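**Student:** Protein chains in written order, with this note's numbering: chain A, 1 to 234; chain B, 235 to 373.
Since the hints were derived computationally from the structure, they do not count as laboratory data. Treat the numbers as computed from the prediction; the structure is a model and nothing was measured. Treat the hints loosely; a few may be bogus.
Unchecked claim - As a list, the in silico DMTMM-like pairs of lysine to aspartate or glutamate whose alpha-carbon atoms are at most 20 angstroms apart:
hint, chain 1, residue 1, chain 2, residue 2
1, A, 55, B, 237
2, A, 40, B, 314
3, B, 361, A, 193
4, A, 5, B, 281
5, B, 241, A, 56
6, A, 55, B, 337
7, A, 59, B, 314
8, A, 55, B, 358
9, A, 43, B, 287
Unchecked claim - Okay, the calculated bits of chain A under chain B, using three or more residues with CB under 8 angstroms as the criterion:
hint, stretch
10, 47-55
11, 67-74
12, 206-216
A virtual CB, placed ideally from N, CA and C, is assigned to each residue, including glycine.
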Amino acid sequence: MIVAKRKPVNEIADMLAPFKKITVVGCRSCVAICLAGGEKEVKMLVSALKVKNKKEGKKQQFEAFVVERQCEKEWITEVRDKILDSDVTLSMACSLGAQTIGDMYPEHLTFPGLNTGIFGVPEEQGVWSEKCVGCGNCIIHTTGGICPISRCAKSMLNGPCGGSSNRKCEVNLEVDCAWAAIYDRLKIQKRLDLIETISPAKDWSTSHSGGRRVYTREDAKLTPHQKKGKEAIQ
Amino acid sequence: MAEHKPKLVCFCCERHGIDAAVLAARSGKQYDASVRIVTVPCSGRVDGIHLLEALDNGADAVFVVGCLEKNCYYDTGSIEGRKRVNYVKSMLSEAGIESERVEMFNAASTNAWAFPEAVSKMVEVVKKLGPIGKGGEPQ
């Protein structure tokens, strides 16, 4: 899932300072799971901003909403009027949510309340770690199911490097060496021969290069006729 | 100008926390009448949103009274409560608001002075800091 972190309250307050009427929109998907932009976090942020305003003698009007998935236009339309009725919208979703609102209502200001971070998994309660960088060319079938691109500090395809010591990475001794983990996993799977196989240079053209990546599935796309029908329903 | 009368909200666990408050009253210990006690099943039930909304709705300070950490009725409830209080303190600091306005206390049900002491500490904090903003009225 996408893991994000709330921006510091003062940074958000500075962004919103010139505006009187503010709509805060949270998201019940990834950012709710990583405790950054769900219902509770939205309410807490609004309360903190109100207390700050009270201290500073400022008047701002806040309205808070949480949608199911802020990255999908259908859910945003539910709060369309509330968004357009405000001076600015603070998105408490990942950057995808904030940009979806921005794309739908380009004349309206939408600011990010969160810093979008990683594709991560919950390791334990309150801890999320990165396990994918979305390179677009997955090779974990050759590395025991462990991604060296995201988990090795040098994204090495043929590791470990000379900086691996006592199963730790030279970049940061707190960080486990991804290739030590790959070795262990391949050993359990009795596939250690794979670690001796030299991987050729990776095709990075599927990664973030050459602008925005767009994935399409032709059979799922609507025909112009279907699009017209959907628009009519909406 | 009349002295500001503190408005305090106390989230009190219904085990050691409230017992400590009741024992204080039964023992004749006095504490400031400005405190409004909200009983909760466990201090671990208190969420950051309760603390922040209390401040937003006019409280000058909010505090939580739970069991002693090594003698919590629900084992780890008061540890959870303290974590939430600390998170709210960090949010208040980020916002430039005095984090002392939110506090966590632990009390044993057999300790008659623990609750009045917690109240008087918070009253002192509010007397030192004054209300949040002019008049401390909610928006």
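**Student:** Decide, hint by hint, whether the structure agrees.
**Tutor:** Going down the list of hints, with the structure as the test:
1. A:55 / B:237: holds, 18 angstroms
2. A:40 / B:314: The hint holds at about 16 angstroms.
3. B:361 / A:193: Violated, at roughly 72 angstroms.
4. A:5 / B:281: holds, 19 angstroms
5. B:241 / A:56: It holds: about 19 angstroms lies between the C-alpha atoms, which stays within 20 angstroms.
6. A:55 / B:337: The hint holds at about 19 angstroms.
7. A:59 / B:314: Outside the cut-off at roughly 34 angstroms; violated.
8. A:55 / B:358: holds, 19 angstroms
9. A:43 / B:287: holds, 9 angstroms
10. 47-55: Three-residue rule met by the stretch 47-55 of chain A, so holds; n is 9.
11. 67-74: violated (count 0)
12. 206-216: With 0 residues close enough to chain B, the hint is violated.
When held up to the earlier numbered hints, the structure conflicts with 3, 7, 11 and 12 and fits the remainder.
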